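Visitor: Sequence:
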Amino acid sequence: MVLALADTASRKYGVDKALVLAVIGVESGYRDGLVSRAGARGLMQLMPATAADLDVDPDDAAQNVDGGTRYLAGLLRYFDDERLAVAAYNAGPGRVKRAGNTVPAIAETQAYVAAVFALREAFLRRGW
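According to this note's numbering, the residues represented by the sequence shown are -11 to 116, in order.
Hints in this document: simulated from the structure, not taken from any laboratory.
Just so we're clear, the structure is a prediction, and the values are computed from it rather than from any experiment.
Each residue gets a CB set at the ideal place from its N, CA and C atoms; glycine is no exception.
Heads up, none of these hints are tricks.
Ranges between beta-carbon positions, derived for each pair:
| # | residue 1 | residue 2 | range |
| --- | --- | --- | --- |
| 1 | Thr(-4) | Ala93 | 31 to 37 Å |
| 2 | Ala37 | Gly115 | 34 to 40 Å |
| 3 | Asp45 | Arg25 | 19 to 25 Å |
| 4 | Val23 | Gly115 | 28 to 34 Å |
| 5 | Trp116 | Ala37 | 30 to 36 Å |
| 6 | Lys85 | Gly115 | 33 to 39 Å |
| 7 | Asp69 | Asp43 | 25 to 31 Å |
| 8 | Lys0 | Asp47 | 16 to 22 Å |
| 9 | Arg113 | Asp43 | 34 to 40 Å |
| 10 | Ala95 | Asp43 | 32 to 38 Å |
Can you make the complete structure from the sequences, with help from the hints?
Guide: Here it is in structure tokens:
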């Protein structure tokens, strides 16, 4: 299911499927229905306000992946840099801007970016 949802959303928004799958993997471990302590929901761990802005139901897997991928696509367009877009997905675009358009010096965000790109590379080696 997750692979099909990521494939559909990545094609729709022009985002690398391996990157979408890696974000899902790091965000939720591919567990639909996951709710974080901060209140982020679903496969791509959308915060309620972000889900509302995207007009998606974060508890619906297809809408969650569609909305999360659309949000990631917007960050990719805005920052024109995959690492900064992924950092912004985790820490928020404001923190990336305040860090001078670099990955913020936040341990969680730096670990998140490293994990996403390591997982993406693993998918690319498998031909995804």
